[in-house]
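Protein chains in written order, with our numbering: chain A, 370 to 588; chain B, 43 to 414.
If you are wondering where the hints come from, they were derived from the structure by calculation, not from laboratory data. From a predicted model like this one, the values you see are computed outputs, not experimental measurements. Where is the CB? At the ideal position from N, CA and C, for every residue including glycine. Incorrect hints may have been included.
[To be verified] If you anchor each label on the Cβ, the simulated ranges turn out as follows:
id, chain 1, residue 1, chain 2, residue 2, range
1, B, Pro232, A, Asn521, 41 to 51 Å
2, A, Ser418, B, Ile57, 48 to 58 Å
3, A, Phe483, B, Ile57, 20 to 30 Å
4, B, Gln63, A, Trp380, 50 to 60 Å
5, A, Ala538, B, Asp188, 36 to 46 Å
6, B, Arg181, A, Phe483, 26 to 36 Å
7, B, Leu180, A, Phe547, 13 to 23 Å
8, A, Asn493, B, Leu180, 26 to 36 Å
9, A, Gln558, B, Thr239, 13 to 23 Å
[What the hints assert, rightly or not] Derived lysine to any residue pairs resembling SDA-like cross-links, with alpha carbons at most 20 Å apart:
id, chain 1, residue 1, chain 2, residue 2
10, B, Lys368, B, Tyr348
11, A, Lys385, B, Lys83
12, A, Lys385, B, Asn392
13, B, Lys218, B, Arg197
14, A, Lys385, B, Gly79
15, B, Lys391, A, Asp557
16, B, Lys249, B, Asp235
17, A, Lys385, B, Lys229
18, B, Lys83, A, Asp557
19, A, Lys385, B, Lys225
20, B, Lys394, A, Gln558
21, B, Lys78, A, Met392
22, A, Lys385, B, Pro87
23, B, Lys394, A, Ala472
24, A, Lys548, B, Thr239
25, B, Lys222, B, Thr174
26, A, Lys385, B, Lys78
27, B, Lys78, A, Trp380
28, B, Lys229, B, Glu315
29, A, Lys548, B, Ile243
30, A, Lys548, B, Thr174
31, B, Lys83, A, Met392
32, A, Lys565, B, Glu246
33, A, Lys385, B, Leu75
34, B, Lys391, A, Ser468
35, B, Lys394, A, Leu560
36, A, Lys548, B, Leu237
37, A, Lys548, A, Ala538
38, A, Lys548, B, Gln236
39, B, Lys78, A, Asn383
40, B, Lys293, B, Lys318
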Amino acid sequence: MGVIGILLAGWSSNNKYSLIGAMRSGAQIVSYELSVGLSLITMCVLAGSMQFSTIVEAQRDGWFIFTGHIPSVIAFVIFLIASTAETNRGPFDLPEAESELTAGFHTEYSGIKFAFFFLAEYMNMFIVASIAATVFWGGWMPLHVGGWGSFNHIMDLIPPFFWYFGKTAVIIFIMMWFKWTFPRLRIDQLLTLEWKYLLPINLVNVLLMALIVMMGWHF
Amino acid sequence: MEEDVLLDLEKEEYIINMGPQHPSTHGVLRLVLSLKGEIVKNIEPHCGYIHRGIEKMCEKLTYQQIIHLTDRLDYLSAMINNEAVCLCVENALQIEVPERVKYIRTIMDELQRIASHQLWWCSFGMDLGGLTCFFYGLRDREKVLDIFEESIGSRLILSYYTPGGLMNDIHPNFQKNVKKFIKYFRKILPEYDQLLTGNVIMQERCKGVGFLSKEDAINYGVTGPSGRGSGFSCDIRKHAPYGVYDKVDFKEILFNEGDTFARYQVRMFEMRESMKIIEQLIDNIPEGDYTAKMKPIIKLPEGEYYQRVEACRGEFGVYIESKGEKYPYRLKLRSPNFSNLSALNAIAKNQKIADLVAIGASLDYVIPDIDR
Chain A
370 MGVIGILLAG WSSNNKYSLI GAMRSGAQIV SYELSVGLSL ITMCVLAGSM
420 QFSTIVEAQR DGWFIFTGHI PSVIAFVIFL IASTAETNRG PFDLPEAESE
470 LTAGFHTEYS GIKFAFFFLA EYMNMFIVAS IAATVFWGGW MPLHVGGWGS
520 FNHIMDLIPP FFWYFGKTAV IIFIMMWFKW TFPRLRIDQL LTLEWKYLLP
570 INLVNVLLMA LIVMMGWHF
Chain B
43 MEEDVLLDLE KEEYIINMGP QHPSTHGVLR LVLSLKGEIV KNIEPHCGYI
93 HRGIEKMCEK LTYQQIIHLT DRLDYLSAMI NNEAVCLCVE NALQIEVPER
143 VKYIRTIMDE LQRIASHQLW WCSFGMDLGG LTCFFYGLRD REKVLDIFEE
193 SIGSRLILSY YTPGGLMNDI HPNFQKNVKK FIKYFRKILP EYDQLLTGNV
243 IMQERCKGVG FLSKEDAINY GVTGPSGRGS GFSCDIRKHA PYGVYDKVDF
293 KEILFNEGDT FARYQVRMFE MRESMKIIEQ LIDNIPEGDY TAKMKPIIKL
343 PEGEYYQRVE ACRGEFGVYI ESKGEKYPYR LKLRSPNFSN LSALNAIAKN
393 QKIADLVAIG ASLDYVIPDI DR
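Take the sequences, apply the hints, and build the full model.
Right, dumping it as structure tokens:
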């Protein structure tokens, strides 16, 4: 769904830069949607449910990123990469790529219309970070370490509200961090990364996770 | 029938104007691109958006005044442009400048080169999309500019040299501050490498992209770091030394790959060589006058004079034709960026737009120098 707004915005501005940006975003968002979906499915396999509350409840004794062995770490990394691409943030900000396409799909927008694009971009980032915090980092569950009774007790004292927003903030910080540091990819490298690397890894990862859950190897 | 279809497909190109207002042309350069999807089929640079007629203006200015105009060419190698005019006038008058002047000029030239390459590095990073480079580069360039400001009073367009010597002597703190800067920058340069040179994405974007062969580099007259990235040995500091370059030990950086990454590497290593040159000279600045005795009105004897120097972006030449008056009869500037830009079509043809931006950044053009 996210792609339609950008695609139409770029196409309807009657500007060649915007058109290139819109076309890039079309190719990019559609491809990376797969990776986002697959890495979430991996975690759903571990949780045994697709309901957020159940997923969080299943992480009461340990966040999935710790309990799910290697597949959940892989899924988390892929989710982080793919969701950054999904939200058009650097190093995957090709649709707007300011040094190539001036401002890409929103070149012709100004004032509040431009502000909406930017708000949407940041909103997307918050949503993506919240999902990552919920699915991988245990949502509002505090950090528990097995056997450390008093430590766990102190952690319980921090309200769930702070846990949830703290985790989201950390993920947003990571995303902003590599936006500023990494150079931008080229469009063909971007699609190569998705179709030749992330997607096969992801598919294998789902199988691996299914195997682990089947054999009961997770904690 | 099939050929017709192919021909029609061939024609499916569209024209896009990159510039004169565009974030990655570094000024008012206009590139008319023929695109086929994302692939650049043809590039037509249109110059003249910042043409000020400097060469013509020089015909009505005295030689001391001309110095101030040369700052406005390649404003990132202002010192070196100044030096070209000064050397040309000094050679024509056959005056020997004091040793102290030569030493200070060489040090200043190299500081200017470092500052210029720092700015190139930050804009290179920014063009690729890594914004941290921009802040790192400008932070360190500031330190060079502070050194300039202390001795000269200005930071960007310096006009420090005059025919015969310098405007004023260096600040007492100059040597101390330069040494402090060199010590600091030696520690910082590896950080640049960690941030950008070693980055996988950056290497993917630059290696094997934008190939310029040595023959093409010579044919188009691509000089400076861009030419040396293609293995074209063209360092004027080595081939026709001026100042005290013949007394210092430094390497001419040559890479044979000819791609964007090679041009990047040349500049990164050149910063190190510049520091080496400064280190050799900074403690040995001889005492003496900061200017030779000059008449207030300089009249060049009749004839033609040419002087070339190694500016930050390549060979910068000044050709003066004098009729024995206090103004030059004709002054021609050979600017490195103009020749470097002419090779852009040969380099970036059939590459993607994103590559064109990277190639442009690696050629490091300064637009006022192209248009003059």
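Tested hints:
1. Range check, Pro232(B) to Asn521(A): about 43 Å between beta-carbon atoms, so the 41 to 51 Å window is met.
2. For the hinted restraint 48 to 58 Å between Ser418(A) and Ile57(B), the CB-CB distance of approximately 55 Å keeps it satisfied.
3. Range check, Phe483(A) to Ile57(B): Cβ separation about 26 Å, and the 20 to 30 Å hint holds.
4. Taken as a hint, the range 50 to 60 Å is violated for the pair Gln63(B) and Trp380(A), whose Cβ atoms sit roughly 23 Å apart.
5. Remark: the range hint 36 to 46 Å for Ala538(A) to Asp188(B) is upheld by a beta-carbon distance near 37 Å.
6. Judged by the Cβ atoms, the range 26 to 36 Å given for Arg181(B) and Phe483(A) holds: they are separated by roughly 30 Å.
7. As the Cβ distance of Leu180(B) to Phe547(A) is approximately 21 Å, the hint placing it in 13 to 23 Å holds.
8. Range check, Asn493(A) to Leu180(B): Cβ separation about 30 Å, and the 26 to 36 Å hint holds.
9. For the hinted restraint 13 to 23 Å between Gln558(A) and Thr239(B), the CB-CB distance of approximately 18 Å keeps it satisfied.
10. At most 20 Å may separate the alpha-carbon atoms for a hinted pair to count; Lys368(B) and Tyr348(B) meet this at roughly 17 Å.
11. Under the criterion of a C-alpha separation no larger than 20 Å, the hint pairing Lys385(A) with Lys83(B) is consistent with the structure, at around 16 Å.
12. Straight-line distance between C-alpha atoms of Lys385(A) and Asn392(B) comes to about 19 Å, which keeps the hinted pair within the 20 Å bound.
13. Straight-line distance between C-alpha atoms of Lys218(B) and Arg197(B) comes to about 19 Å, which keeps the hinted pair within the 20 Å bound.
14. Distance restraint check for Lys385(A) and Gly79(B): the Cα-Cα separation of roughly 11 Å lies within the 20 Å cut-off, and the hinted pair is therefore satisfied.
15. Taking the CA atoms of Lys391(B) and Asp557(A), the gap is about 17 Å. The hint holds against a cut of 20 Å.
16. A C-alpha spacing of about 15 Å is found between Lys249(B) and Asp235(B), which places the hinted pair at or below 20 Å, so the restraint holds.
17. Distance hint between Lys385(A) and Lys229(B) is unfulfilled; the C-alpha atoms sit about 45 Å from each other, more than 20 Å.
18. Our distance criterion of 20 Å between C-alpha atoms is met by Lys83(B) and Asp557(A), whose separation comes to about 17 Å.
19. Simply put, Lys385(A) and Lys225(B) have alpha-carbon atoms about 48 Å apart, too far for the 20 Å limit, and the pair is violated.
20. For the hint linking Lys394(B) to Gln558(A), the alpha-carbon distance of about 11 Å falls within 20 Å, and the restraint holds.
21. Distance restraint check for Lys78(B) and Met392(A): the Cα-Cα separation of roughly 13 Å lies within the 20 Å cut-off, and the hinted pair is therefore satisfied.
22. Only pairs whose Cα atoms come within 20 Å are accepted, and Lys385(A) paired with Pro87(B) is accepted, the gap being roughly 19 Å.
23. Between Lys394(B) and Ala472(A), the direct Cα distance comes to roughly 17 Å. Compliance with the 20 Å bound is thereby established for this hinted pair.
24. Between Lys548(A) and Thr239(B), the direct Cα distance comes to roughly 17 Å. Compliance with the 20 Å bound is thereby established for this hinted pair.
25. A C-alpha spacing of about 24 Å is found between Lys222(B) and Thr174(B), which places the hinted pair above 20 Å, so the restraint is violated.
26. Among the hinted pairs, Lys385(A) with Lys78(B) is consistent with the structure: their alpha-carbon atoms are about 12 Å apart, no more than 20 Å.
27. A hinted pair counts as satisfied when its Cα atoms are at most 20 Å apart, and Lys78(B) with Trp380(A) qualifies at roughly 17 Å.
28. Distance hint between Lys229(B) and Glu315(B) is fulfilled; the C-alpha atoms sit about 15 Å from each other, no more than 20 Å.
29. This hinted pair checks out: Lys548(A) and Ile243(B) have alpha carbons roughly 13 Å apart, not beyond 20 Å.
30. Proximity of Lys548(A) to Thr174(B) is assessed by CA-CA distance (about 9 Å); at most 20 Å being required, the pair is judged to hold.
31. Taking the CA atoms of Lys83(B) and Met392(A), the gap is near 19 Å; set against the 20 Å cutoff, the hint holds.
32. Of the supplied pair hints, the one linking Lys565(A) and Glu246(B) holds, its CA atoms being roughly 16 Å apart against a limit of 20 Å.
33. Proposed proximity of Lys385(A) and Leu75(B) is supported: the alpha carbons are some 12 Å apart, at most 20 Å.
34. Our distance criterion of 20 Å between C-alpha atoms is met by Lys391(B) and Ser468(A), whose separation comes to about 19 Å.
35. Proximity of Lys394(B) to Leu560(A) is assessed by CA-CA distance (about 14 Å); at most 20 Å being required, the pair is judged to hold.
36. For a cut-off of 20 Å, the pair hint linking Lys548(A) to Leu237(B) stands: about 13 Å separates their Cα positions.
37. Between Lys548(A) and Ala538(A) the CA atoms are separated by roughly 15 Å; this keeps the pair inside 20 Å, and the hint holds.
38. Between Lys548(A) and Gln236(B), the direct Cα distance comes to roughly 16 Å. Compliance with the 20 Å bound is thereby established for this hinted pair.
39. Restraint check for Lys78(B) and Asn383(A): the C-alpha separation of about 18 Å stays at or below 20 Å, so the hint holds.
40. For the proposed pair Lys293(B) and Lys318(B), the alpha carbon gap of about 10 Å is at most 20 Å, so the pair holds.
Checked against the numbered hints given earlier, this structure breaks hints 4, 17, 19, 25; the rest are met.
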